[in-house]
Amino acid sequence: MGVEKGLQVPKVVIREDECKGCGLCIQACPENVLFVQKHFNRMGYHPAGYQGEGCIGCGFCFYQCPEPGAITVYKKGYVGEEVEA
Amino acid sequence: MAEKVLRKAESFYPLYERKGGAAPDVTHYCPGCGHGVLHKLIAEAIDDFGIRERTILISPVGCSVFAYYYFRVGNIQAPHGRAPAVATGIKRVYPESIVISYQGDGDLAAIGGNNILQAANRGEKISVFFVNNAIYGMTGGQMAPTTLIGQKTTTSPLGRRASNEGYPMRMSELIATLEAPIYVERVALTDAKNTTKVRRAVRKALKNQIENKGFSFVEVLSICPSGWKMEPTQAKEWLTQEMMRIFPLGVYKDRSDEIEEAGVQPTVFSAQDLQDSLNLPETDSASAKREPKTGVPEKYRNPRLKIAGFGGQGVLILGVGIAQAGMDDGYHVSWLPSYGPEMRGGTANCSVNLSSRIIGSPLVTQPTVLVAMNLPSLEKFEKDVAPGGLILTDSSLVDRAPSRTDIEHLGVPATKLADELGNTRVANLVMLGAYIAYTGVLDKDVVHSSLPRFIKRKALIDLNKQAIQKGMEFVSHQVKA
Numbered sequence: 205m206g207v208e209k210g211l212q213v214p215k216v217v218i219r220e221d222e223c224k225g226c227g228l229c230i231q232a233c234p235e236n237v238l239f240v241q242k243h244f245n246r247m248g249y250h251p252a253g254y255q256g257e258g259c260i261g262c263g264f265c266f267y268q269c270p271e272p273g274a275i276t277v278y279k280k281g282y283v284g285e286e287v288e289a
Numbered sequence: 423m424a425e426k427v428l429r430k431a432e433s434f435y436p437l438y439e440r441k442g443g444a445a446p447d448v449t450h451y452c453p454g455c456g457h458g459v460l461h462k463l464i465a466e467a468i469d470d471f472g473i474r475e476r477t478i479l480i481s482p483v484g485c486s487v488f489a490y491y492y493f494r495v496g497n498i499q500a501p502h503g504r505a506p507a508v509a510t511g512i513k514r515v516y517p518e519s520i521v522i523s524y525q526g527d528g529d530l531a532a533i534g535g536n537n538i539l540q541a542a543n544r545g546e547k548i549s550v551f552f553v554n555n556a557i558y559g560m561t562g563g564q565m566a567p568t569t570l571i572g573q574k575t576t577t578s579p580l581g582r583r584a585s586n587e588g589y590p591m592r593m594s595e596l597i598a599t600l601e602a603p604i605y606v607e608r609v610a611l612t613d614a615k616n617t618t619k620v621r622r623a624v625r626k627a628l629k630n631q632i633e634n635k636g637f638s639f640v641e642v643l644s645i646c647p648s649g650w651k652m653e654p655t656q657a658k659e660w661l662t663q664e665m666m667r668i669f670p671l672g673v674y675k676d677r678s679d680e681i682e683e684a685g686v687q688p689t690v691f692s693a694q695d696l697q698d699s700l701n702l703p704e705t706d707s708a709s710a711k712r713e714p715k716t717g718v719p720e721k722y723r724n725p726r727l728k729i730a731g732f733g734g735q736g737v738l739i740l741g742v743g744i745a746q747a748g749m750d751d752g753y754h755v756s757w758l759p760s761y762g763p764e765m766r767g768g769t770a771n772c773s774v775n776l777s778s779r780i781i782g783s784p785l786v787t788q789p790t791v792l793v794a795m796n797l798p799s800l801e802k803f804e805k806d807v808a809p810g811g812l813i814l815t816d817s818s819l820v821d822r823a824p825s826r827t828d829i830e831h832l833g834v835p836a837t838k839l840a841d842e843l844g845n846t847r848v849a850n851l852v853m854l855g856a857y858i859a860y861t862g863v864l865d866k867d868v869v870h871s872s873l874p875r876f877i878k879r880k881a882l883i884d885l886n887k888q889a890i891q892k893g894m895e896f897v898s899h900q901v902k903a
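Protein sequence lines, in the order shown, are assigned to chains A and B. When you read off a place in the first sequence, starting at 1, and then add 204, the result is the number in the numbering used here. When you read off a place in the second sequence, starting at 1, and then add 422, the result is the number in the numbering used here.
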């Protein structure tokens, strides 16, 4: 299927198991839509999470995050493979 | 139009198989570490410029020593501080490649201080990314040349003092004074605004190289939360307030626009060029076949030997002797000693190849002949011997036969026979005599004439000849018996 018409609402996806809980994405987010989760991931860190709405697709979190694969940001107008849940 | 998604770059491996372990999908870096962010910016730029296939990244010593775990480009890991020298070599041999020297402050400013200055001064057409976090991170937070005055580290527990340890070194300023570099900038991985500048600087340094312009140097101030003993967010504050005061951001030199984009002439290597430049005779050396001693039984021909024993038993000299005599007889030969902690009290060993064909690798992982001068050597290497191979043991010291049944074994009481000659230290040459007599790989005459080349003390030549004789006689008695 995929996203064909262009994504209307930007979205940030965090792979919790790759997150080391440094908190830099949370600090960088201008909309304050990221937060520290209560549970531990497989490495024993409290991973960052997304509230589920409010992302503006600025990518600040992506460029603050030291883990290459932990954050993906889909901007408005994105066309391509289906956006992860 | 840029893609509307920010995701893991193609220039990273999808899974870090070289890293392995329990979590091969995440880096080894600490939470918040700046290396990861700079890695991302470099990988993204490599993707966008479409240069992945021709990029070679030099990993330094330091936390980023494992950069080759992550970057899906050509990788070489250089000795401490030597990344610019390695980069120079690669760039000059392959001018069409994009060579990145990735270094930390301990690597670049301390042990490799002169390396970077010389490479910069020569104007090597490489891109250097210098991660400055004012500390030695990997080794546990010691003082670096870039450590700030008053900054506490494990080696400056009361804080760095100028009177004792000097001042923080400003590498960008230093390099900008040189004539050759075309682009020098200091940037910082702090907030979104400054990170955008890092991204731009990374791209500029790579673009300069793609356009074959000259030496580019980007100093990236970066946090080390573990080394600084701070939370990542707190570390960003410290970087902004303290480090940026001592290391001001900015462009220290930029001649990028003055220099015209130049094409690259790829170096083409031909065998003829090499032959001409080295003034070599007209032979096709790669297929050169030598003709050593004939009539050697098939199974002993072109042996791959592993010779092992205690340090002091002369196992390395025995290997040199076999290689030397082999060379004098017309074989292609190699000799590779194994040094290391095992030299003290453990086993010393060497690998020797004798071959009528050119030798590809000096390593011997599956020997056809194992010479075990003591029990630990037999235990260590027996399993590696090729099926049908020959194991020679010093039966005066090794009180058991090999446990394998698919090999040939000859026990030679080398130490005992040497002792009879009045010097246990020639046990190695007794073994040499036994080896050549048993296999016929080399003639006694050849070994005799080679002796002065590997036995330095002339007074010992005769004794060594006697030792060889002892070994040969032992074998002939064995065979008769």
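Honestly, the hints are just simulated from the structure, not real lab data. Please read all numbers here as calculations on a predicted model, not as lab measurements. Warning: the hint list may mix true and false statements.
Stated by the list, open to error - Reference listing, derived: stretches of chain B covered by chain A, where coverage requires no fewer than 3 residues with Cβ under 8 Å from a Cβ of chain A:
1. 445-452
2. 456-462
3. 589-600
4. 809-823
In this text, a Cβ means the ideal position worked out from N, Cα and C, and glycines have one as well.
Here is how each hint holds up against the structure:
no., hint, in the structure
1, 445-452, "holds (count 6)"
2, 456-462, "holds (count 6)"
3, 589-600, "violated (count 0)"
4, 809-823, "violated (count 0)"
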